[in-house]
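Novice: Here is how the chains run, residue by residue.
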Amino acid sequence: MDIQMCPPDLWRQKCMKKVKIVVLTAMLFFLITIPCRQIFNLSELTEVRPASAFPPAFGMLFGVWGALGCAIGNFAADILSGYAMEICIPGFLIQFIYGYLPYILWFGVRKKREKSVIRMKNVRHVMKYIGIVFADSLLMAAMLGMLLKITGMGSLLSQSTLLLFFNNLVFCLILGIPIIILADLAAEQEKGRVLTLNVRFVLIFLLLNVVSAVLMGVASYGEMYHYVADKMALWNRIYIRVSVDFFTLCGISVCFLWYLERNITVPIERLAELAGNYADRKKLKGGETGDRPAEESDGEEKLENRELAAVCDELSCLHGETGHLPAAFKKMMQDVEYYISDITRITAEKERIHAELQVASQMQADMLPDSGKILAGSREFTLCARMLPAKEMGGDFYDYFMVDEDNLAFLVADVSGKGVPAALFMVVAKTLLKNRTRGAASAAEAFTDANEGLCQDNYNDMFVTAWMGVLTISTGRLVFVNAGHTRPLIRQKNGCYTYLTERSGFVLAGMENMRYTQQELYLEAGDALFLYTDGVTEANNAEHGLYGEERLAKVLNIKPKLPPQETLNAVWEDVMSYQGDAEQFDDITMLAFYYKGNGYQTKTGKPNMEDIQEWNRFVDEILAEKNFPQKEAAKIRIAVDEIFSNICYYSKAQSLTIGCLVNEEAAMLYFEDDGIPYNPLNRPDPDTSESAENRKEGGLGIYLVKKRMDSLRYEYAEGKNRLTIMKNRNARKD
Amino acid sequence: MEIGIERNKSTLEIKLTDRLDTVTSPQLEEKLKEELEGVTNLQLDLAELEYISSAGLRVLLTASKRMKKQGKMEIRNVNEEVMEVFTITGFADILTIL
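Protein chains in written order, with the working numbering: chain L, 1 to 734; chain U, 1 to 98.
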């Protein structure tokens with residue numbers, strides 16, 4: 001450690017610590033030595049010295065400062081005991097060497113010392129310690145022996161030097177070992193670390209050895225105290241017994257511990273560490289939010305996994321359970337990796353499908369007409385619809401479109417089943433129904449045609465229930481056809497909503513060659529319809545109850561006069577609140593329709609040529625009132641003239657109604673008479689290139705009308721001819 | 001509908017106003033029946049005629065056929081609206097329109 005780098009405070013702190021070590025060890029040494037010298041004095045130079053354990057122990061614990069402290073303690077004790085200076089000073093040096101040598105032997109000359117590491121953590125360390133203290137004691141005894149010889153107080157090989165040797169060795173074993181163990185345990189405790197299995201075994205056995213040796217010592221003392229008179233001989237014999245006891249037990253312990261270490265404890269420790277690392281890394285990886293590129297971490301992880309597997313392989317060479325454990329762990333690790341990659345793949349796939357469904361769901365929603373979009377003729381009606389699929393995609397749909405200028409079709413349908421299959425069939429059904437309705441002469445025919453189309457290649461036996469109404473806006477005539485669908489509710493003449501009782505046909509796509517029949521009724525201004533699918537009436541609540549038709553009618557009739565948007569919202573909210581937290585069972589679709597009336601002003605009477613001026617005036621006034629451009633109005637007047645005169649001359653009608661509606665874009669007129677069925681539009685056009693002599697007079701009038709109106713339509717229904725003409729405000733540019 | 005008639009020897013000049021439709025055509029037809037005797041030059045001024053219906057066309061066609069035998073029939077001052085009707089119906093080719 002580089003001291004220079006430390007700030008002065010820390011430096012002082014460190015110094016203080018060292019001083020404290022020196023003082024404390026010196027005092028301890030001194031305090032233990034003095035009483036022993038009094039009680040167990042063996043000669044003028046030595047005694048039973050438990051303090052002999054201190055220099056190597058403190059040397060190993062605190063290094064040079066511990067050794068120095070012990071040497072000072074010894075020096076002080078020697079002086080107090082009145083030892084000669086030539087003994088005291090070399091004694092001080094010898095004590096210092098005795099204390100410092102183990103430190104050097106243990107940690108080596110390099111100052112790279114691991115901080116507070118358990119010193120006796122395995123068999124090798126135990127052997128090393130015993131070896132060091134053995135050598136140290138021997139050296140110390142030899143040095144003191146030399147000193148005795150030099151000073152002439154004894155010989156090198158004598159009972160005294162043997163005693164000195166044993167004094168050191170025995171106490172280093174029975175006192176030094178517990179001191180070091182306790183110090184290390186305290187340090188570990190402070191750091192909050194838990195002892196490993198192997199360390200615990202080693203420490204337990206060492207302490208048992210120590211206890212056994214101490215007991216042997218005490219027993220021997222008790223036994224021999226009576227018959228061995230020479231104290232030095234007595235203690236030497238006690239020491240020998242203690243040593244023999246210790247080394248015998250230690251030999252057995254070491255063999256046992258060594259086996260344990262190789263085969264059980266250390267492999268288990270390594271495996272535990274491995275498992276811990278692996279688990280930590282997985283947890284870390286789970287917590288990552290992609291800050292690190294995935295590939296890089298994957299690569300690293302694979303490498304680490306390979307290392308772990310190698311360690312497992314190495315450990316699984318062991319016999320028995322300790323060998324099975326790492327093998328099992330490796331297998332488990334590989335399985336975990338496999339499952340993780342599997343789950344990752346499945347999750348990615350799931351996400352992809354979900355994303356695609358999301359897009360498809362949006363596409364389906366986009367296929368349905370937007371309620372906000374204003375249709376041609378929407379001055380006469382308001383319409384609002386909504387569909388909510390139970391899953392991402394649904395089989396329900398609604399649709400509305402203009403069949404032609406005057407006819408609005410609106411429908412609600414429900415494909416059997418839910419999800420993607422239903423959605424696919426829904427697309428086909430919707431397209432077919434729209435196309436066939438535009439092409440067909442009637443709503444019933446459209447259903448009959450669509451049914452044939454849907455029956456083709458319908459191998460999955462899907463089917464569609466549908467209710468469609470086609471409203472002639474100008475008259476309020478509503479033709480409707482039902483293919484097994486829920487009955488709509490109708491509100492007429494400012495009354496309440498009631499279920500429309502009508503015969504229903506078979507479902508669409510259910511059976512070939514079905515003939516659908518249509519029914520009709522007349523809507524008046526203010527009448528309303530509410531269409532829905534069974535997702536509404538069969539909505540479930542948490543108690544598995546059904547919403548039901550009764551409740552639907554009730555909700556609608558709370559405020560029957562609400563406009564469609566609000567009607568829809570009211571029902572929607574009620575269904576949602578009924579459903580509560582229960583899962584949506586089926587697609588929910590509803591459509592609210594409100595008829596504002598056709599907006600036509602009408603004049604009815606017996607068609608009579610004499611009265612033509614009156615009829616003209618009726619039309620003129622409306623056109624003038626609505627500021628219809630003069631030039632275009634003139635064309636309409638001619639048309640009225642031509643059509644009216646035709647009716648008068650040829651139809652034999654008793655009653656004629658002329659309806660006229662003028663808006664910002666166009667003027668629309670219809671002529672409804674109860675005369676002979678006759679479609680003037682079928683009359684061939686006159687040859688306009690004929691010379692004057694050959695010109696026929698007939699047919700010119702209707703030809704003029706055809707040429708100069710923007711659209712004409714003829715229909716015959718309920719015994720009435722009905723010719724509708726339309727003229728735009730702004731002349732067509734053709 | 002007013003029918004202004006001016007006679008100058010064998011020349012008959014007729015001014016049509018307002019509209020020539022189912023209601024007014026019979027009047028013109030009646031007038032022509034009365035007046036065309038001995039006329040060799042029939043001049044029709046349509047300057048004030050707003051529009052014409054097929055009934056009017058029929059009258060003009062009848063007149064034109066007759067005048068072919070007696071002399072000539074010329075139509076002038078045809079407005080856009082009426083001209084359109086003449087064009088659509090092919091009368092523009094039959095009648096002499098100045």
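Note that these hints are calculated values from the structure, not bench results.
Please note that a few of the clues may not be correct.
Listed below are several chain U residues computed to face chain L (Cβ distance under 10 Å; list not exhaustive) [as the list claims (entries may be wrong)]:
1) Lys-65
2) Asn-77
3) Ile-97
To give a feel for the contact side, a few chain U residues facing chain L, derived at Cβ under 10 Å [what the hints assert, rightly or not]:
4) Ile-3
5) Ile-5
6) Arg-19
7) Glu-35
8) Ser-53
9) Gly-71
10) Glu-74
11) Glu-84
12) Gly-90
Stretch-level coverage of chain U by chain L, calculated; a stretch enters the list once three of its residues show a Cβ under 8 Å from a Cβ in chain L [unchecked claim]:
13) 21-34
14) 54-62
All values derive from a computational prediction rather than experimental measurement.
Even for Gly, the Cβ is constructed at its ideal location relative to N, Cα and C.
Novice: Determine for every hint whether it applies to the structure shown.
Specialist: Hints and how they fare:
no. : hint   : in the structure
1   : Lys-65 : holds, 6 Å
2   : Asn-77 : violated, 17 Å
3   : Ile-97 : violated, 13 Å
4   : Ile-3  : violated, 18 Å
5   : Ile-5  : violated, 23 Å
6   : Arg-19 : holds, 8 Å
7   : Glu-35 : violated, 20 Å
8   : Ser-53 : holds, 5 Å
9   : Gly-71 : violated, 15 Å
10  : Glu-74 : violated, 14 Å
11  : Glu-84 : holds, 8 Å
12  : Gly-90 : holds, 3 Å
13  : 21-34  : holds (count 3)
14  : 54-62  : holds (count 5)
Checked against the numbered hints given earlier, this structure breaks hints 2, 3, 4, 5, 7, 9 and 10; the rest are met.
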